[in-house]
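Chains as they are written, first to last, in the working numbering: chain V, 20 to 430; chain X, 20 to 430.
Since the hints were derived computationally from the structure, they do not count as laboratory data.
A few of these clues could be false.
Using C-beta positions, here's what the derived DEER-type ranges look like [said to hold, decoys possible]:
#, chain 1, residue 1, chain 2, residue 2, range
1, V, Ala-286, X, Pro-284, 46 to 54 Å
2, X, Arg-324, V, His-380, 45 to 53 Å
3, X, Ala-286, V, Glu-309, 31 to 39 Å
4, X, Gly-25, V, Ala-286, 54 to 62 Å
5, X, Ala-286, V, Ala-59, 50 to 58 Å
6, V, Ala-286, X, Glu-211, 48 to 56 Å
7, X, Ala-340, V, Glu-309, 52 to 60 Å
8, X, Ala-286, V, Gly-76, 25 to 33 Å
9, X, Ala-340, V, Gly-143, 47 to 55 Å
10, X, His-245, V, Asp-24, 34 to 42 Å
11, X, Arg-324, V, Ala-286, 44 to 52 Å
12, X, Ala-286, V, Glu-211, 52 to 60 Å
To be clear about the criterion: a stretch of chain X counts as covered by chain V if any three or more of its residues have a C-beta under 8 Å from a C-beta of chain V, and this derived list gives those stretches [to be verified]:
#, stretch
13, 315 to 328
14, 351 to 363
15, 401 to 407
For each residue, glycine too, the CB sits at the ideal point set by N, CA and C.
2 protein chains.
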Amino acid sequence: VTAIDGERLLAGLRTLRSFGATGTGVVRPTFSADDMAARAWLRDRMTEAGLDSTIDGVGNVFGRSRRPGPALVLGSHSDTQPEGGWLDGAMGVMDAIEVARALGEDPTTADLAVDVAAWSDEEGTYSSCLGAKGFVSEVDPGILADENVDGESVADALARVGLTTVPHIRFEPDRHIGYLEAHIEQGPHLEETGKQIGVVTSIVGIRQAIVTFTGQQNHAGTTPMHRRSDAAVAMFRFGTLLQDRMAAAAGPTSVWTIGRVTVEPGAASIVPGHAEVAVQFRDQDDAVLERMAAAVAETADEIDRNGPVRVIARQGDAPIAPTVMDPDLLGHIADAAERRVPGGWVEMPSAAGHDPMVLSHHLPCAMLFIPSIGGVSHDFAEDSTEHDIVLGCQVLADAVVSILRSAVTPR
Amino acid sequence: VTAIDGERLLAGLRTLRSFGATGTGVVRPTFSADDMAARAWLRDRMTEAGLDSTIDGVGNVFGRSRRPGPALVLGSHSDTQPEGGWLDGAMGVMDAIEVARALGEDPTTADLAVDVAAWSDEEGTYSSCLGAKGFVSEVDPGILADENVDGESVADALARVGLTTVPHIRFEPDRHIGYLEAHIEQGPHLEETGKQIGVVTSIVGIRQAIVTFTGQQNHAGTTPMHRRSDAAVAMFRFGTLLQDRMAAAAGPTSVWTIGRVTVEPGAASIVPGHAEVAVQFRDQDDAVLERMAAAVAETADEIDRNGPVRVIARQGDAPIAPTVMDPDLLGHIADAAERRVPGGWVEMPSAAGHDPMVLSHHLPCAMLFIPSIGGVSHDFAEDSTEHDIVLGCQVLADAVVSILRSAVTPR
Numbered sequence: 020v021t022a023i024d025g026e027r028l029l030a031g032l033r034t035l036r037s038f039g040a041t042g043t044g045v046v047r048p049t050f051s052a053d054d055m056a057a058r059a060w061l062r063d064r065m066t067e068a069g070l071d072s073t074i075d076g077v078g079n080v081f082g083r084s085r086r087p088g089p090a091l092v093l094g095s096h097s098d099t100q101p102e103g104g105w106l107d108g109a110m111g112v113m114d115a116i117e118v119a120r121a122l123g124e125d126p127t128t129a130d131l132a133v134d135v136a137a138w139s140d141e142e143g144t145y146s147s148c149l150g151a152k153g154f155v156s157e158v159d160p161g162i163l164a165d166e167n168v169d170g171e172s173v174a175d176a177l178a179r180v181g182l183t184t185v186p187h188i189r190f191e192p193d194r195h196i197g198y199l200e201a202h203i204e205q206g207p208h209l210e211e212t213g214k215q216i217g218v219v220t221s222i223v224g225i226r227q228a229i230v231t232f233t234g235q236q237n238h239a240g241t242t243p244m245h246r247r248s249d250a251a252v253a254m255f256r257f258g259t260l261l262q263d264r265m266a267a268a269a270g271p272t273s274v275w276t277i278g279r280v281t282v283e284p285g286a287a288s289i290v291p292g293h294a295e296v297a298v299q300f301r302d303q304d305d306a307v308l309e310r311m312a313a314a315v316a317e318t319a320d321e322i323d324r325n326g327p328v329r330v331i332a333r334q335g336d337a338p339i340a341p342t343v344m345d346p347d348l349l350g351h352i353a354d355a356a357e358r359r360v361p362g363g364w365v366e367m368p369s370a371a372g373h374d375p376m377v378l379s380h381h382l383p384c385a386m387l388f389i390p391s392i393g394g395v396s397h398d399f400a401e402d403s404t405e406h407d408i409v410l411g412c413q414v415l416a417d418a419v420v421s422i423l424r425s426a427v428t429p430r
Numbered sequence: 020v021t022a023i024d025g026e027r028l029l030a031g032l033r034t035l036r037s038f039g040a041t042g043t044g045v046v047r048p049t050f051s052a053d054d055m056a057a058r059a060w061l062r063d064r065m066t067e068a069g070l071d072s073t074i075d076g077v078g079n080v081f082g083r084s085r086r087p088g089p090a091l092v093l094g095s096h097s098d099t100q101p102e103g104g105w106l107d108g109a110m111g112v113m114d115a116i117e118v119a120r121a122l123g124e125d126p127t128t129a130d131l132a133v134d135v136a137a138w139s140d141e142e143g144t145y146s147s148c149l150g151a152k153g154f155v156s157e158v159d160p161g162i163l164a165d166e167n168v169d170g171e172s173v174a175d176a177l178a179r180v181g182l183t184t185v186p187h188i189r190f191e192p193d194r195h196i197g198y199l200e201a202h203i204e205q206g207p208h209l210e211e212t213g214k215q216i217g218v219v220t221s222i223v224g225i226r227q228a229i230v231t232f233t234g235q236q237n238h239a240g241t242t243p244m245h246r247r248s249d250a251a252v253a254m255f256r257f258g259t260l261l262q263d264r265m266a267a268a269a270g271p272t273s274v275w276t277i278g279r280v281t282v283e284p285g286a287a288s289i290v291p292g293h294a295e296v297a298v299q300f301r302d303q304d305d306a307v308l309e310r311m312a313a314a315v316a317e318t319a320d321e322i323d324r325n326g327p328v329r330v331i332a333r334q335g336d337a338p339i340a341p342t343v344m345d346p347d348l349l350g351h352i353a354d355a356a357e358r359r360v361p362g363g364w365v366e367m368p369s370a371a372g373h374d375p376m377v378l379s380h381h382l383p384c385a386m387l388f389i390p391s392i393g394g395v396s397h398d399f400a401e402d403s404t405e406h407d408i409v410l411g412c413q414v415l416a417d418a419v420v421s422i423l424r425s426a427v428t429p430r
């Protein structure tokens with residue numbers, strides 16, 4: 020059984036952390052100077068691991084094994100949130116490099132083909148999962164026009180960092196038999212249940228409803244209570260009632276959030292004439308998402324019927340369907356986890372989005388999670404124990420060997 | 020009995036409307052070019068009415084009668100809201116000019132002393148009731164530093180319009196025995212009750228509470244419902260519960276409004292960590308205001324106790340105490356109204372703020388209202404019937420004669 024080098028893995032992670040380090044966190048948004056420096060460094064690490072390495076035309080760092088296929092692609096993203104943690108994405112990239120290197124150094128596994136990817140812009144500084152999209156299909160003009168908060172488009176950013184004329188690395192259907200990614204959980208489930216490894220069965224689907232409240236703007240002094248049509252009052256009632264309705268409609272792991280709230284005109288002495296909320300909800304099961312969507316619509320209808328404010332619910336951002344991971348690949352990860360930590364793993368959905376949302380439409384995908392301390396992520400405080408980091412990488416390596424061996428020698 | 024000239028009054032009002040006319044409304048914010056042009060025109064109208072007229076060092080247009088006292092000051096403001104109606108303030112100014120002119124032209128009343136004021140910035144483009152404050156006391160440096168939305172201070176605006184070195188017209192305690200103002204109601208009470216004249220007994224007091232909700236900002240996908248401390252959910256519950264609590268605490272004419280709502284960070288996929296609302300409430304009775312303040316605090320406490328979000332209520336803008344009008348002056352207005360429209364008048368509080376909030380601390384004040392069509396104000400659609408406008412001015416004139424006659428010949 021090939022052992023990964025835990026100290027080497029951790030040392031590499033600490034170096035990657037230094038690109039954009041800010042306190043205990045990392046600020047390394049896509050196509051920033053720190054991001055591009057990190058990508059150059061990652062390319063050199065992939066070369067060091069024996070891979071033919073390049074930064075491609077959408078910013079992906081890709082290291083291709085010189086072995087013939089069948090090959091697995093391992094990876095994650097190396098860009099961060101505007102105020103990100105040091106492990107979100109970075110750990111999966113360094114795990115992938117370590118697995119490729121460790122297997123390449125071990126004569127018993129040196130024949131196995133492991134390609135490594137550090138995808139660009141999973142976090143959507145410009146366009147979510149940009150690199151993964153470029154790997155499986157053409158980057159269409161709509162994506163090239165997507166902008167960051169400063170108004171720079173993907174096309175302009177690629178020109179700025181010198182990637183406009185660089186070729187895109189593409190998915191090879193005859194070679195690539197699957198994609199594996201290790202990631203921190205970014206939630207508290209593993210910690211709460213005392214498990215070391217999460218075998219990720221799916222990525223939850225996301226839906227969004229925009230609910231608008233249209234009343235009558237008026238003077239907050241001279242308009243008697245019985246004459247008011249106050250958009251904020253209707254919104255408060257909607258927000259309160261929705262909690263009960265969603266709790267009834269939801270599954271055990273569903274989440275729902277009213278994260279964006281606007282009340283207009285927003286002056287203390289004016290009765291609000293307009294309000295709007297964004298209701299976002301997530302579940303791994305499309306049937307549950309349907310029930311939750313109905314609960315939002317019914318709650319809006321009920322507040323509307325009660326009057327006097329007009330309440331309308333419509334779809335917000337385009338729905339994201341749940342992503343189902345490949346059961347065969349998952350079985351290998353589960354077996355590997357059971358061998359390393361008997362009883363210490365659990366099947367679970369991912370509540371956060373990841374590159375397999377894009378990749379899984381083209382090749383089988385699977386993910387494993389390690390615990391996040393306190394469930395914290397997208398925050399400078401994000402962390403995991405060194406023990407869990409090293410264990411996760413070893414389980415990944417074990418699963419890779421098992422998958423590639425069974426691909427040539429069906430089990 | 021002196022008759023005012025209704026056609027002359029309406030013609031003047033239409034001309035004043037032309038300064039800053041925008042559709043059916045008026046945009047004439049304090050110290051704008053339109054506002055200053057209107058003030059120059061008003062000064063000339065006051066001169067035409069036989070008054071010694073000037074624009075003073077805070078922008079007030081003041082016309083002083085050449086008759087010895089006792090004198091009444093009549094007036095209102097000539098500035099408008101950012102998107103104002105044509106009568107708010109303007110009607111009271113033109114009524115005052117018409118009363119001064121009509122009484123001066125009538126040999127039986129030409130001995131009476133009526134001074135006329137068009138106060139500056141009642142609407143608070145820079146500093147609420149700036150002109151009235153300048154009339155009764157020194158303009159302190161804090162007021163001079165108040166800014167409009169473009170960041171121009173009162174001091175800078177006065178310099179720009181050339182008023183920095185111009186003297187301030189001041190309240191004369193030995194001469195001025197009271198202040199009368201006619202105004203549109205800006206609410207629906209007169210129209211709903213079928214009355215033509217409102218005898219304004221008080222201006223409601225205003226209090227404001229700021230309620231903050233402090234939870235834990237978190238990822239809206241990976242944070243399970245049972246681990247959340249969602250500031251928006253607590254805010255929705257507060258807003259809903261407050262409606263019932265305020266209804267129980269309020270008096271028959273109380274109003275309360277949550278007009279300003281912020282939820283942070285305000286992203287659809289982040290559980291809100293912070294929210295804040297401004298609760299404003301008004302009543303003519305300080306005891307009722309106390310009960311309403313207690314209702315806000317108790318509602319906040321209850322949501323806080325229910326957890327997990329921390330809820331704290333604190334005072335917002337400095338409270339404005341109710342303004343009580345002078346009963347003697349009110350009696351004259353009521354008598355005048357009863358003579359013109361028997362049974363067609365009603366005593367009522369003003370739910371909106373007016374210059375007597377400032378002036379009444381220095382001299383007895385009284386106001387009369389005429390109906391607002393549909394109760395609409397602070398809006399281009401603001402309007403009143405010509406009949407009501409002319410009637411209001413006549414009642415004002417009658418009351419002025421009655422007050423000044425009783426001041427020299429006690430009734």
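Hints, one by one, checked against the model:
1. Between Ala-286 of chain V and Pro-284 of chain X the beta carbon distance is about 22 Å. The supplied range of 46 to 54 Å is therefore violated.
2. Restraint check, Arg-324 of chain X to His-380 of chain V: a C-beta distance of roughly 49 Å satisfies the suggested window 45 to 53 Å.
3. Against the hinted window of 31 to 39 Å, the Cβ-Cβ separation of Ala-286 of chain X and Glu-309 of chain V comes to about 25 Å, which falls outside the hint.
4. The supplied range of 54 to 62 Å is broken by Gly-25 of chain X and Ala-286 of chain V, whose beta-carbon atoms lie about 36 Å from each other.
5. The beta-carbon spacing between Ala-286 of chain X and Ala-59 of chain V, approximately 32 Å, falls outside the hinted interval of 50 to 58 Å.
6. Separation of Ala-286 of chain V from Glu-211 of chain X is about 25 Å and departs from the stated range, judged on CB atoms against 48 to 56 Å.
7. For Ala-340 of chain X and Glu-309 of chain V, the Cβ-Cβ distance of about 56 Å falls inside the hinted range of 52 to 60 Å, so the restraint holds.
8. Between Ala-286 of chain X and Gly-76 of chain V the CB atoms are about 30 Å apart, so this pair conforms to the stated range of 25 to 33 Å.
9. A C-beta distance of roughly 53 Å is found between Ala-340 of chain X and Gly-143 of chain V, which places it inside the suggested range of 47 to 55 Å.
10. At roughly 39 Å, the beta-carbon separation of His-245 of chain X and Asp-24 of chain V lies within the given 34 to 42 Å, and the hint holds.
11. The given range of 44 to 52 Å is broken by Arg-324 of chain X and Ala-286 of chain V, whose C-beta atoms sit roughly 31 Å from each other.
12. About 25 Å separates the C-beta atoms of Ala-286 of chain X and Glu-211 of chain V, a value inconsistent with the hinted range of 52 to 60 Å.
13. Against chain V, the stretch 315 to 328 of chain X contributes 0 residues with a C-beta closer than 8 Å to a partner C-beta. That does not satisfy the three-residue criterion, and the hint is violated.
14. With 0 residues having a Cβ less than 8 Å from any Cβ of chain V, the stretch 351 to 363 of chain X misses the three-residue criterion, and the hint is violated.
15. Coverage of the stretch 401 to 407 of chain X by chain V is violated in this model, with 0 residues showing a Cβ closer than 8 Å to a Cβ of that chain against a need of three.
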